[in-house]
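*Asks:* Residue strings, one per chain:
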Amino acid sequence: MDIINKLLFVLLGLFIILNFGLFMGVSMRKIVARVARRNGVPFYQPWLDLIKLYGTRDQISHGIMFYLGPVFRLSGGVGIFLFMPLIFGSQYFNNFSFAGDLVLILYFQFFGMLGMALGAGEGGHPYSAIGISRGLSQFTTIEVPMTLAVISLGIQYNTLSISEIVAAQQGGFQNWTVFTNPFATAAAMLSLLGAFGHSPFNLVKAPNEIPIGPPTEYHSTFLGVLQTNAAILHVIEAVLFMNLFFGGAVNWFELMLKSFLIYFWSVFVGVVFPRYRIEQSVQWFLKVPLLLGVIAIIIYM
Amino acid sequence: MISPIHIISISLGVAFAIGFLGKNSNKLSAVIMLLTIGILTFISAQWAQAFYFGNQETVQIFTAGYKPPFSINLQIGVSESIIILLINSIGLLGGIYLFDTLVKTGKNAVVVYLIFIMSLNQVVLTQDIFNLFVFLEIQSIATAGLIVLERNRNSISSGFKYMIATGIISSLLLIGIVFGYYFTGSLNIADFIQANMMLSKGGAVALFLILASLLLELKPFPANGWALDVYESIKPGTSAMLSAASASAVLFALYKVLPAGNPQTFEIVLGFGLITFVGSNLLGIKQTNPQRLLGYSSVGQIGLIVAILGMKPFLGEKFTFIAIAIFISHFLAKAGLFWLSGIIKADNIRDWANLRKKPFLLVLFGTFVFTLIGFPPFPSFFGKWELIMQLSQSGYWYLVGVILLGSFFEGIYLFKWLGYAIKLDNVNLPEFNINWKKIIPVAIVGVLTYLAGYYSSFFTTGTEHFEKFFVPLFFIAILYFLDFLPNFVKNIIAIAGMSYYGYILLPGLYETDLLRFIFGAIFIVGGVLTLIAGFTYKGQRKGFHPAALMMFAGLGGIIQASNMIEFFFSWEMMTLGSYILIIRGKKSMPHGLSYMLFSLAGAYLILAAFGFTFSQNGISLEALKGLAFAPNLIYGLLAVGFMTKTASLGLHIWLPGAHAEAESDVSPMVSAILLKAGVFGLIILFLSMGAEAAGQNSILYLLGWLGAITALVGNTAASFQEDAKKLLAYSSIGQLGYILFAFSIMTHLGWLAGFTYSINHFLFKAVLFLAIGAVVLRLKTHNMYEMGGLIKRMPFAFIAVLIGIITLSGVPPLSGFAGKWLFYNAVIEKGWYFQGTIVFFAGTIAFLYSFRLIHSIFLGQLKDNHRTVKDISIWFIIPIYTLIIGIMIFSARPDLILKPIGNFLMPYFPTDALSWTDTMAKTRLGYWDGTWVMIIIGIMFSLIFAWLFILSRKATKVEQFNIAYSGERPERPETTHMAHNIYAGFNKAVGFIVTPNISKFWASASENLDGAAGYFRRIYNGNGQTYALHIIIYTLAMYLMIF
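Those protein sequence lines, which keep their order, are chains Y and C. Here the first sequence is numbered in my numbering, starting from 70 and rising by one per residue. Here the second sequence is numbered in my numbering, starting from 2 and rising by one per residue.
If you are wondering where the hints come from, they were derived from the structure by calculation, not from laboratory data. Source: prediction; values computed, not measured. For every residue, glycine included, the Cβ atom is placed at its ideal position computed from N, Cα and C. Certain hints may be false.
[Claimed, not checked] Pairwise CB distance ranges, derived in the manner of DEER restraints: (1) C/Ile999 / Y/Val357: 43 to 53 Å; (2) Y/Val357 / C/His981: 56 to 66 Å; (3) C/Arg970 / Y/Ile120: 27 to 37 Å; (4) C/His981 / Y/Pro276: 24 to 34 Å.
[Claimed, not checked] Covered stretches of chain Y, going by a simulated chain C footprint (3 or more residues, C-beta under 8 Å): (5) 80-91; (6) 136-144; (7) 147-156; (8) 178-190; (9) 286-292; (10) 307-316.
[Unchecked claim] Distance condition first, Cα-Cα at most 27 Å in a straight line; then the derived BS3-like pairs of lysine-lysine: (11) C/Lys424 / Y/Lys75; (12) Y/Lys356 / Y/Lys99; (13) C/Lys923 / Y/Lys274; (14) Y/Lys274 / C/Lys989; (15) Y/Lys121 / C/Lys923; (16) C/Lys955 / Y/Lys121; (17) Y/Lys356 / C/Lys955.
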């Protein structure tokens, strides 16, 4: 397969993921609305939003880093997509996963976060900085159970290659990590709650407190880029968990179903539990999730 | 050759003749006296030369041609000739120094001084015990005469105490001599030695009394209150003579008589010497009066030399060298220090800041302090080294510990004092005059310490190839004498020197020893780059270049060292240079002190470990391998010693202040570069432990945990700093924690990660410290919340910091990720899951401080007073962007660096290596292609940027306060800049991690030490009777312990 073909399939994959991401996002909004006995937005809302944002004529910029922030952010999302194998066994949808393994993806997440934080910082709004400081604080401990889970997988499968981890889970749902390594899965799924940033861990964007957190100053095309990224990132992170813990996917349908359910898990928790303060959420990940992570490792020692 | 008998005849003759001079001939008599001492010096020099270069045999001289006991027997041999040469030369210099005082007091004082010197000569030369007694008495009386040269209440009362004390001591001596004569039938010391007095109890008691009185003459702790009062209250010129000249004579007398005892006698002398050494130095900690402090130090040093005399039976052929090297250091330095205190005339060591008004004197002061502590290139360094080696070889390991403890106590007060002189405010202190008669003697002994040090190196084991260490020092000395030149010129010379050094050192190393090449490159290339930043400074920048180059010479030296003394010599040079560099910062005094004390303690642990190694396997660095006896003790000592430099948790408290308060271009030197010396030491240690084979060693397991916790605590503390440079300093602690952890893993991948981290830390920490330092130079503040929005004013600094923090945090595609990736693989392979998780947790915390650093300084709101500030100096931009090129190369082609390191590691760590296919690295677990990651991210980033640029090309640039602020417009940038206490929530959650328990521990340790010193010194109540009682009790105690 030559490089042009490869690129075309990558772009196709990106297009699917983007649209699925927008759909998934709006579905969740509908669900949350229904729980609150509202009707919620129509299903085509995110597409309309994007068109509107990209079409806005009035734009302001606070400086070069403000400009680069969304670029970093979207590069972060697309980058993770590029390094992620999507469909197991498909030679078309494994993207550029040959360039690095799970560790690359874990650390590349920071690329977008960091750029976003810096761009928002140049905006000069104190809410941005407050949101970022909370986000970073929370992220430190979210990573602890996740790290333990990843190490546990590394020991279990003796590899850090995502493709090989998926390969090892083939041949029936009983081979999925969620059944073969339930503690690691549990730790990771709790850490996922923080990573996805729904309640109770949504203090970063804290609606009605610091209205939208870091992107406070972003608007128009910039916000459009950020929302594009959010759609991609949500799916691709769910895909990561799918690959690691739920057997991966052999076709697009399986991918969508599984990632939808994984994402739904964080929304489900979010509508049930109220928001934590930052020190509470930082500590929360050092309790039960940490313990589960430790158990996940002890069973392999 | 002139017979030594004429030393006495000439002195006595002149002394009598002076009496015949007229009333107004004080000056003439003083000149005559100096000439006479000059002749004495000549006579002794002639003998010393004959012994040293010729084949002169020891000569016995009998007065009046009779044999003893009817005549007085003088003996001159090699030792005697050296000691009287020292006494006479210091007598000459001391005479010059005291010239004005003596002239003013009158010719009687001149005579007293001459008789004093003569009596000391005789104490050395005589072989007759009664004659010894007589001349000791003459010496006491002359001393009393010199004491009252200073006429005030204190000196007169201390003169009385002195008379009381020496009176008791001489009675003891006399009784001893009487009994000794009874038992041996002779008064000749040689006969005493022959007679084996220890066989009979009476003879033993006689000998005991003689030795005890000689010991008491040497002012042993704690029966020395009288002497301390004397030191404190008299003319410093006299103190110098007491401490240097008198002590030499009496020490030599003790040395002569000691062989009359048996091995047990030697042990007792050793014991009492050591008690004095440790006790006196402990009490010295509390002193604030310079002369009294020097008194304590004198007593302590003499105690050490007494102890060395007691060690003679097991120091073997090195005994003479050790004794002389340590003695001469004390001799020169103490004379110099007492003389300096006479020039500066201050009652409190804090007022020595005045010394700085004459930088030349400050350098001399520093020289003497470093000489006393035993830093290279001074003789005490070589003496102490050899002492520790020989003691270890003889199996007296605990003595090594005691001696190093005493030395450490001495270091505490001497370095506190030096710090005061270098740093305290001296504006309000009175001017002082410089009299050449007082300066010349000090300068001469100052130069002599260097010469003696150089000369001492020839006698020390393992110094066959020392020229390569002395050449850089010589270069530095020249640079010091060029200190009057402008900074620009000196910087060019320094850079040229360093570059040449690198040119001759590095290319050859790449082929032969990659480990040393890498660290050599960090030290020297890093050194050159950070020196470039120094062009920013205007004026002369006095003292900077010699110190910086000394540090780099030391660093280069540890790379070149092939044996332990070469390593230790360089290690100490590096400490010395870096100490001076660190203490140059404006508020660095306390940090310089704590840096020095930790370094000193660390160096002593290393020295002890080297000694214990030497005793088993010899002096080569290879000797550290395959230790048969107590390997874990030795490795543990070395590990702790090296970790004082890597600032691992528990030993880290010196670092934040030292790095943060240092000058802008010094911070990167001591952070990015100097810390790697500790890493290099640890690597040498770990390789010696047996590389892969040592993987299960429990020390390594502990170090792994320590590294992980250091990383966590360092990074967490960094997140809570408001001071930008402190933040970077704590970050260094954390990063060095990673490095310690990685090397402790002891696998191929662990070590690769360790190397990657070391190289990366060098690159990004130099970038960050240079950039932040340059910003600080512009803004004149370290506090981040006082900055903000500087991206608009300082884009070059911003980009540098951005690249620095991306590398630091390990975000792909920059080279920091290489470290993280290797880490994951290494941790899982090794099975250090929990430690590893802590390290990764620390890694995410690094984002907190990275963001804080860049946001609080460059983003957010620009302050009014910074609206016109310029970008950082070009002299900082050049090294910063050179380093960034390095980061980029390492990021794009990690294989270029990691492949050779992997090959280098193969012999040590053959299993589970990294395999390479082109630019793709593979481990047993995972894979990573740095080049492809760089390409993919680069293209993607450019495309997205282009896309956004097309969409938003018409965006309007808005002004600072144009933000969505609830319809309001913020007035002040200060209230809109979210920067102070930015991680309050995080602090609330996990702030307990950084409770400063360790700082509290060290603070209480130093308080307790201080308290103990304060408590024990109460025995000195200033009362002559009490002091007399002390002497008697001391003698009794000695007696009871022996018999």
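*Asks:* Are the hints correct? Go through all of them and say.
*Replies:* Results of checking the hints against the structure:
Taken as a hint, the range 43 to 53 Å is violated for the pair isoleucine 999 of chain C and valine 357 of chain Y, whose Cβ atoms sit roughly 31 Å apart. Hint check: valine 357 of chain Y to histidine 981 of chain C, Cβ distance near 34 Å, so the stated range 56 to 66 Å is violated. For arginine 970 of chain C and isoleucine 120 of chain Y, the Cβ-Cβ distance of about 32 Å falls inside the hinted range of 27 to 37 Å, so the restraint holds. Separation of histidine 981 of chain C from proline 276 of chain Y is about 26 Å and conforms to the stated range, judged on CB atoms against 24 to 34 Å.
Residues of the stretch 80-91 of chain Y lying with their CB closer than 8 Å to a CB of chain C number 0, which falls below the three-residue condition for coverage. Given as covered by chain C, the stretch 136-144 of chain Y passes the check, having 7 residues with a CB less than 8 Å from a CB of that chain where 3 are the minimum. For the stretch 147-156 of chain Y, the stated coverage by chain C holds: 4 residues have a C-beta nearer than 8 Å to a C-beta of that chain, and at least 3 were required. Residues of the stretch 178-190 of chain Y with a Cβ under 8 Å from some Cβ of chain C number 7, which satisfies the need for three, so the listed coverage holds.
Only residues whose beta carbon comes within less than 8 Å of a beta carbon in chain C count, and the stretch 286-292 of chain Y has 4; three or more means the coverage holds. Only when three residues or more bring their CB closer than 8 Å to a CB of chain C does the claim for the stretch 307-316 of chain Y stand; here the count is 0, and the claim is violated. Taking the CA atoms of lysine 424 of chain C and lysine 75 of chain Y, the gap is near 67 Å; set against the 27 Å cutoff, the hint is violated. Between lysine 356 of chain Y and lysine 99 of chain Y, the direct Cα distance comes to roughly 32 Å. Violation of the 27 Å bound is thereby established for this hinted pair.
Between lysine 923 of chain C and lysine 274 of chain Y the CA atoms are separated by roughly 40 Å; this puts the pair beyond 27 Å, and the hint is violated. Proposed proximity of lysine 274 of chain Y and lysine 989 of chain C is supported: the alpha carbons are some 20 Å apart, at most 27 Å. Our distance criterion of 27 Å between C-alpha atoms is broken by lysine 121 of chain Y and lysine 923 of chain C, whose separation comes to about 46 Å. At most 27 Å may separate the alpha-carbon atoms for a hinted pair to count; lysine 955 of chain C and lysine 121 of chain Y meet this at roughly 17 Å.
This hinted pair does not check out: lysine 356 of chain Y and lysine 955 of chain C have alpha carbons roughly 50 Å apart, beyond 27 Å.
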